[in-house]
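Undergrad: Residue-level listing of the chains:
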Amino acid sequence: MIDWIYVFDLCGTSVFALSGALAAGRHKMDPFGVIVLASVTAIGGGSIRDAIIGATPVFWIQDPNYIIVILATVLMSFIYFSKPKRVGRYSLPVADALGLALFTIIGADKALSLELSGMVAVVMGLITGVGGGIIRDLLCQQVPMVLRTEIYATASIIGGICYTVSLTLGAPDLFALLFAMAIALVIRLAAIRWHLSLPSFDLKTH
Amino acid sequence: MIDWIYVFDLCGTSVFALSGALAAGRHKMDPFGVIVLASVTAIGGGSIRDAIIGATPVFWIQDPNYIIVILATVLMSFIYFSKPKRVGRYSLPVADALGLALFTIIGADKALSLELSGMVAVVMGLITGVGGGIIRDLLCQQVPMVLRTEIYATASIIGGICYTVSLTLGAPDLFALLFAMAIALVIRLAAIRWHLSLPSFDLKTH
Amino acid sequence: MIDWIYVFDLCGTSVFALSGALAAGRHKMDPFGVIVLASVTAIGGGSIRDAIIGATPVFWIQDPNYIIVILATVLMSFIYFSKPKRVGRYSLPVADALGLALFTIIGADKALSLELSGMVAVVMGLITGVGGGIIRDLLCQQVPMVLRTEIYATASIIGGICYTVSLTLGAPDLFALLFAMAIALVIRLAAIRWHLSLPSFDLKTH
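Residue numbers (our numbering), protein chains in the order written: chain A, 1 to 206; chain B, 1 to 206; chain C, 1 to 206.
Since the hints were derived computationally from the structure, they do not count as laboratory data. All the given hints hold, so there is nothing to weed out.
One copy or two, either will do: identical chains are not told apart, so a pair holds if it fits within one copy or between any two.
Taking lysine to any residue pairs in the SDA-like style, the calculated list, with each CA pair at most 25 Å apart, reads:
| # | residue 1 | residue 2 |
| --- | --- | --- |
| 1 | Lys28 | Val143 |
| 2 | Lys28 | Gln141 |
| 3 | Lys28 | Ala190 |
| 4 | Lys85 | Leu203 |
| 5 | Lys28 | Leu138 |
In this text the structure is predicted, and so the values were computed from the model without any measurement.
Can you build the whole structure from these sequences, using the hints too?
TA: Have a look at this one:
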């Protein structure tokens, strides 16, 4: 029996590492700087989650596969982009969207497996999903995606709720996983493609 | 017997959530983005404190009241500001000052209740008091209040010292709590009102 | 027998506190703000390391010497810079380089002493070495040094590898310590002095 959560976790690690490498490339960082940015993007959210849950040492310390996946992803980016090649401006947001959807479910699942409540599971999904990207954007002095008007935190929260509710209703694990992931991903990709946004909360200051 | 520390902790959570919501409104974030910013502001400092003390899972994971208070505060902000209404430019700093004073004492109290030294208690008060606001300002790409010239960290450090010293001298808990909170709050509000600042440390670079 | 790791740890704490105080002076912060910035720079990286390893309460909570060293360093900066005196523009990067070299080895050593793998030790050295400086630069709204083109993360990673490999090959502790520290420091200082950089990873976006 394949541990799908683990497989998707490594996939999420890879796409977030890629999003970090793309962001690093836009800032013309050197190879070791790229590794640092790819790593904090890929394992930052999960590390915050584990540190505040108390699941320490955090996940990637015990299992070398996470760092290996990051290094392999960065290496492949170097090879792929070694010839002059332009990067579509949607590459980074799309890699980020995939990571967001995958890590939301991974984070919610970890909370549920520790017998935490459904509400905490949704929050842990959110932290895992948006944490790494926020660190990446802060380090690159970009406005974090979660702060821009396009639907972002919304996709993660809805994905986390779908996962938690599906499992509570007795859906099979793999179904809940794929369903919730698809919902979060579709919402976020649609928001990127058509610049969808919810009505914003707009305050004017004297 | 009322647990005043807990009551003030929830009050601090609410005012910091409000300060996060106000900051989010200035950045025209969508409703879920507002929830995210209000949450990290309200529980960020305490989460850092608990993670470095090792009091994990951190406080809000075990007690759903914190998240409920945040959601209720955000909801009330939406309702209150749903009609066009200008926000005074002091609203955010004043909400932040209240949270600073409340959370400084909460943080120092948590350290003391874990038998940590008075010096560590002052530092934990500072981390709890300024942590959430720093994260809020970093995410909003504002210069963190703690870095501006007006008295800020000073108010928290003096409040923490007053609390620790009062308890050491045998003052009743509630007295120490109210006294130290009032000191920190008055110092910070006076600094906002009259733009008070200490002499700054000013280096010139070749 | 002197515990050299501890001696170098306190030295690293002092030079990073100095780098934080210098950064604070450039931003004309007040004395308590200077203390806050010096502290997060000096103990930020190690605190992140301990929180994710699960070595809580983190190091400086149990041992007051760290905070005392920070306060003494800040006090000496105030005295030294109380007369008008210009600060060379290399002061901050050089203090930062010393801290980077020292803390890389401290972090790697802590991981090895907890029986973690060599790869994790290198990562922990990196987190300890660059963590505090990243927080300092984020708070000051500077591009973090680790993101600029000059060799930075590279120096830490090579230093961490040298330390881990030396110990694995059976080198005496003090030799491995001094050797790896010297390598990291020389690489970083050379990069500052001659503006050395590795070829950068450069992506163009449509």
